[in-house]
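This is what each chain is made of:
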Amino acid sequence: MSLAGYEVEVQRDGGLTTEEMTLNMGPQHPSTHGVLRFIVKADGEVMRTAIPDIGYLHRSIEKISEKVGYHGFMPYTDRVDYVSAMQCNQGWGMVCERIAGIQVPRRGEFCRVIACELGRIASHLLAVGAMVQDIGAYTPFLHALREREKINDLLEELCGARLTFNYMRIGGVAWDLPAGYPEKVTTFLDKFDPFIDEYNDLISYNKLYVERLVNVGVVSKEEAINYNLVGPNLRACGFKYDVRRDEPYSIYAELEFDVPVGTGEMGTLGDCFDRYMVRIQEMSESGKIVRQCLNMMPPGPVLAKVARKLKPPVGDAYIRVEGARGDMGWYVVSDGSEFPYRTKIRTGSFAAMSIVDKVSRGLMIADLIALIASFDVVAPEVDR
Amino acid sequence: MQEFIDRLIANGAFAGMPVEVVYALMMLLFGLVVVFGFFLPIAGVTSWLERRVWARIQSRIGPNRVGPQGFLQWLADGIKLLLKEDIVPDAADRPLFLFAPYFVVWGIVATFVVIPFSSNLIIADMNVGILYLTAVTALVVVGVLMAGWASNNKWALIGGIRSAAQIISYEIPAGLALLPVVLLTGTLSTQGIIRAQGWAPWGWFAFHNPFTFVAAFMFYVAALAEGNRTPFDIPEAESELVAGFCTEYSGFRYLLFFMAEWGNLYVIGAVATTLFFGGWQVPLWTDSVVLLNISQFTVFFLKSYLWVLISMWVRATLPRVRVDQLMILCWKYLVPIGFVNLIGTAIWMVIWPHGNRVVQYGMVLLAVAVLVQFFRRVRFHLRRARPELYYSPAI
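Those protein sequences? They're chains A and B, same order as listed. At position 227 of the first sequence the residue is numbered 227 (our numbering), and the sequence of numbers has no breaks. Throughout, our numbering is defined as the position within the second sequence, counted from one, plus 384.
Each hint should be verified, as a subset may be incorrect.
[As the list claims (entries may be wrong)] Only pairs whose alpha carbons sit at most 25 Å apart, straight line, appear in this in silico SDA-like list of lysine to any residue:
| no. | chain 1 | residue 1 | chain 2 | residue 2 |
| --- | --- | --- | --- | --- |
| 1 | A | Lys191 | B | Phe764 |
| 2 | B | Lys468 | A | Gln28 |
| 3 | A | Lys207 | B | Ala700 |
| 4 | A | Lys288 | A | Tyr249 |
| 5 | A | Lys184 | B | Ser443 |
[Said to hold, decoys possible] Here chain A is said to cover these stretches of chain B; the calculated rule only asks that three of the stretch's residues, wherever they fall, bring their Cβ under 8 Å from a Cβ of chain A:
| no. | region |
| --- | --- |
| 6 | 438-451 |
| 7 | 605-618 |
| 8 | 700-706 |
Rather than coming from a laboratory, the hints here were simulated on the basis of the structure. Glycine is no exception: its CB is placed at the ideal position from the N, C-alpha and C atoms.
For reference, chain A alone in the conformation it holds in the complex (with noise of 0.2 Å):
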């Protein structure tokens, strides 16, 4: 990529010549997330620039979803943001009944919320886990993968993975809930309530954690609906926009949740620690969604029944999702055929790569950490 407009710059302070220095952070870094890259232009330990290039993890799913057909690129989208693989197949699905006009049977809305849900707490446990990790505390991370190998094996159950779980289809999901499985899911939650307190009593709250956090990273929130952030990160600035509530789709509009927003509770508004907080506070807000779902889920049918050979009508569609990392786009175009004729996602992550650079200037690079790590990049929905 082009570093044009980043030149060195020599400095000449009494004589001593001092310049930059050039810092690869990445494609293979610790704390890169996957394979990030960041070109830091350095003076000692404060950052002029952190440029980010993207693109190691390209792997063209959105090409090869006009090569595999409409049901056949279900496994792919688990591809797109692994750690919260569900919205993507959600994302996938809603965008192909939107175009074919298919009706999803409403026990099958049920599941794919319940599923959704539960991946989010895993996906922002991951998140929150991550960041803890990366500014050196090792203890959290460990608890918070703790609890979320138990959303691993609940999800397992439902779908047989835990990973790439592949669980839903274009008209509903493969497989109803297992027998016993609210009471399981019930059961983990009743734990895991306790366990975001005693998270936020382990790390949250700790003074070097919140010293490393505050006022660092800070984006207002001009500048993050200028530069496209969505999600948790859009919240934490303080502007309350949440797919989920503003352009309810699936059955989100019957269910009651709150959306957390970042309040700058210990500095300024929009910065590391709202990015933190905001995950840690829609974790709950996931739970009680769960419950809720558990509880309205009525009998019927999971899937509705689909052409195998799935052709609709010419024509194109764009549904949104709120993805574990914001507002998620899905766009198909068809032409009449089997297979699509252009698939276009929209992620997060990418969005928010873009205002890395701008942020980062002056920070030092123990914060360009924080920074990305607050962000919750993923590399591979970055690129898909």
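Based on the hints, put chain B in the right spot on chain A.
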């Protein structure tokens, strides 16, 4: 030890050999005994124990395959690292790169010369013991800076420079924390300092007056920072600088850095125990010199290992500070507190030249109260997390 050798020579044990040769051989012998008999196992067992303690804290199991409870894991790891290829990057400054780890290990091993394990078990009871201690630990920074520079890697360089800034800065609060004790005893000899304390907690310098109490903890914090331990492990900050100054090292040389780190933990504990927590002092419970020495060694070892365990617990819990916060902590807080401690102790000595018994008892009571409160909190948290934890210590 010198008296012991002199006695052997006088008894004719080394008849026909020049005295200098005997001294040199004996020095070599004791050096080997200390390194292979004490330093290596201590560093190794500490590494194993740290992994196990971490595992318990993190509700994992930890290494438990090699030997009983995984006790021999450190040997297995050591042998593995010894057998690995010792890679020197092409662009590295070869001699410096190869030599740096030895500096780091020397700095730590040399401190064992003045660590008093019991009333008789000390290699050299120097009259400048404390000064020597601070001087040789400063060797570590040379090694680390050399490693960072010679690796010819930007991350390693940042790590090395961070480390130099950090260690040099924190030597000042660490030295200032030692001074109240030197004031109280009027000696720099480690044995002299221990002899000036009593076996009971109210006889320890930590509880001598409020200033030394603060100095004890200040020393511990500053020593942790000098030893690059979390929360001050910014020179090798794993998530920021890959592995800091040891990024390019592999095999045996990598092992040396970590041996030094874990050996240093014990040294920190031993120095804190010597200066502030009564050292090897035990009541005179037997006439036998051997038994007395054994009990003294045990007490000293346990006291100093307690500090090692505390540092493991700290490392598992706290996040890392940023480099500017680290410097702020040092220069804005620890150094002024150190000066206040020094002057406060001096004033205290003018008012109560032989210490104030009531204050000493009061401070021990305070410490006990804090400990009780702490254990109650730990119990509360353990009970709350009960379903999540393994309780058997032997998993």
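The hints, checked one at a time:
Among the hinted pairs, Lys191 (chain A) with Phe764 (chain B) is consistent with the structure: their alpha-carbon atoms are about 17 Å apart, no more than 25 Å. Distance restraint check for Lys468 (chain B) and Gln28 (chain A): the Cα-Cα separation of roughly 22 Å lies within the 25 Å cut-off, and the hinted pair is therefore satisfied. For the hint pairing Lys207 (chain A) with Ala700 (chain B), the CA-to-CA distance comes to about 15 Å; that is within 25 Å, so the pair holds. Distance restraint check for Lys288 (chain A) and Tyr249 (chain A): the Cα-Cα separation of roughly 18 Å lies within the 25 Å cut-off, and the hinted pair is therefore satisfied.
Of the pairs offered as hints, the one joining Lys184 (chain A) and Ser443 (chain B) holds, with about 22 Å between alpha carbons and a cut-off of 25 Å not exceeded. Look at the region 438-451 of chain B against chain A: 5 of its residues bring a Cβ nearer than 8 Å to a Cβ of that chain, three or more, so the hint holds. Remark: the region 605-618 of chain B is confirmed as covered by chain A, as 4 of its residues place a Cβ nearer than 8 Å to a Cβ of that chain, reaching the required three. For the region 700-706 of chain B, the proposed coverage by chain A is satisfied: 7 residues have a C-beta within less than 8 Å of a C-beta in that chain, meeting the threshold of three.
Figure legend: structure checked against the earlier numbered hints; every hint is met.
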